[in-house]
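Just need the whole structure built from these sequences, with the hints factored in.
Just so you know, the sequences run in chain order A and B. 371 is the number of the first residue of the first sequence in the working numbering; add one for each residue after it. 371 is the number of the first residue of the second sequence in the working numbering; add one for each residue after it.
Since the hints were derived computationally from the structure, they do not count as laboratory data. It cannot be assumed that every hint is accurate.
A pair counts as met if it fits within one copy or between any two copies, since identical chains are not told apart.
Claimed, not checked - The list that follows gives simulated cross-link-like pairs (lysine-lysine, BS3-like), each with its CA atoms no further than 25 angstroms apart: (1) K411 - K516; (2) K622 - K430; (3) K622 - K525; (4) K622 - K548; (5) K559 - K585; (6) K623 - K516.
There are 2 protein chains.
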Amino acid sequence: MKPERPLILVTNDDGVHAPGIRALIEVMKTKGDVLVIAPDKPQSGMGHAITINSTLRINKLKEEEGYSEYSCSGTPVDCVKIAVNKLLPRKPDLCVSGVNHGSNSSINVIYSGTMSAAVEGCIESIPSIGFSLCSYSVDANFDACKKIADRVVDKILANSLPEGVCLNVNIPNIEYDKLNGIKICRQAKANWEEELDERKDPMGNSYFWLTGVFKNYDSGIDTDEWALANQWVSVVPVHIDFTAHHTIPFLKKMEL
Amino acid sequence: MKPERPLILVTNDDGVHAPGIRALIEVMKTKGDVLVIAPDKPQSGMGHAITINSTLRINKLKEEEGYSEYSCSGTPVDCVKIAVNKLLPRKPDLCVSGVNHGSNSSINVIYSGTMSAAVEGCIESIPSIGFSLCSYSVDANFDACKKIADRVVDKILANSLPEGVCLNVNIPNIEYDKLNGIKICRQAKANWEEELDERKDPMGNSYFWLTGVFKNYDSGIDTDEWALANQWVSVVPVHIDFTAHHTIPFLKKMEL
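Following this line, the structure appears as structure tokens:
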């Protein structure tokens, strides 16, 4: 009997038609049977949002042997929930999200719809990986990403991942041959310094755009920011137990 | 010279007019100067979403000595960003979020707008606490929550919190005198088993509501779920370093 091909769930946050997810789909089709469900519009910055106060639409875009593709009106996390609970015939062997147009390194993991989809896969006990390219350009070249996704996915399909852990993979925007390799890192300590860009509408009332500048406060050479700045692909293992276990004794002493 | 009163930022995800935030505001006014900025509509389940693809509106609702109140068209995390970067005269001494109408224990920390606001406060290096009552009723009684918030906030204003850690406080829906006390816990291992409730619109096309059943897989007596089931207030320290540090050696050996 022919061994069953791996079943792979693909999603993203830039929307089902983004070049990044097209690159990822191309690679995943060489690895197994693929189900794609991704937002029908850009959902960047949606974090771990789910749709509970409004309704969801699901639209089948394509179905052929070993491949099906859907769009969804909801968030990236909605897409994973819908795939697992409605569309997939069984629990998939892998969930991949991306390739995101733009970095999701360090604290961006928390704002990123791409990474939140991978985290949701992890909550569902599926080995899950988010891929991001450090370029926001629509014309970005995903060739290096495809080679990295190919390598990483082969290893994870062979070795799986520890329970409760998914991977945040960020790829510098340079040619594959210029990359130093893949580095396992910790999340750098960084945040955004926001700026609110105030404008006036035609009625003279104020409205705002949220913008900001990314600030890295971490000079550690074991961080994802260091790796990316030095032509390494960064891989951060991300877990879903948010408990700060090391602070429990301190808090117990505080006698709240 | 009169010592400066603490400056306290208050937000939530149920919206600025929800009874839960009104209860929290009442207590915070006894502790210091208060700035409230909360969503102008319910934002439950928004997780760590931020508004980057559309504009934001900010509306001043009240201003009096030591107190000001705003609504915002964005998410709970937007509210914290706007407060810190536009509305507050200095970094606040405390950020409190809630009181949420409904539990945010265990994995709900990741979907919760209430807790995401507290986490954002933590990213901004502000001691931050999310409060939730284990009742979804609009008529819920917040008397016990007010007493718990009073106790916890006094302790945190006096002792602060470790850098990079905020608190997830969940309060059983019983009278204050029936509570066993406050227990420092870890996040229970749990998730949601989703169900998609399919319906037909007047044109005969399908749409869906995301619903589900909460499943606790963790029988540990050191978890928040155990505490809440046994009439304790649960307090989980939540951190913003999502790196699964313990798995780095395993991943390094995998030679991605």
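Hint-by-hint comparison with the structure:
1. Within a single copy, K411 and K516 get their C-alpha atoms as close as 23 angstroms, which meets the 25 angstroms cut-off; across copies the closest is 42 angstroms, which misses it.
2. For the identical chains of this complex, K622 and K430 are neighbours neither inside a copy (52 angstroms) nor across copies (40 angstroms), given an alpha-carbon limit of 25 angstroms.
3. Only between protomers do K622 and K525 lie at most 25 angstroms apart by alpha-carbon distance; the minimum there is 12 angstroms, versus 42 angstroms within a single protomer.
4. For the homomeric pair K622 and K548, the shortest alpha-carbon distance between copies (21 angstroms) is at most 25 angstroms, but the shortest distance inside one copy (50 angstroms) is not.
5. Taking CA atoms no more than 25 angstroms apart as the test, K559 paired with K585 passes inside one copy only; the shortest distance there is 9 angstroms, against 33 angstroms between copies.
6. Only between protomers do K623 and K516 lie at most 25 angstroms apart by alpha-carbon distance; the minimum there is 23 angstroms, versus 51 angstroms within a single protomer.
In terms of the numbered hints stated before, the structure departs from hint 2 and from no other.
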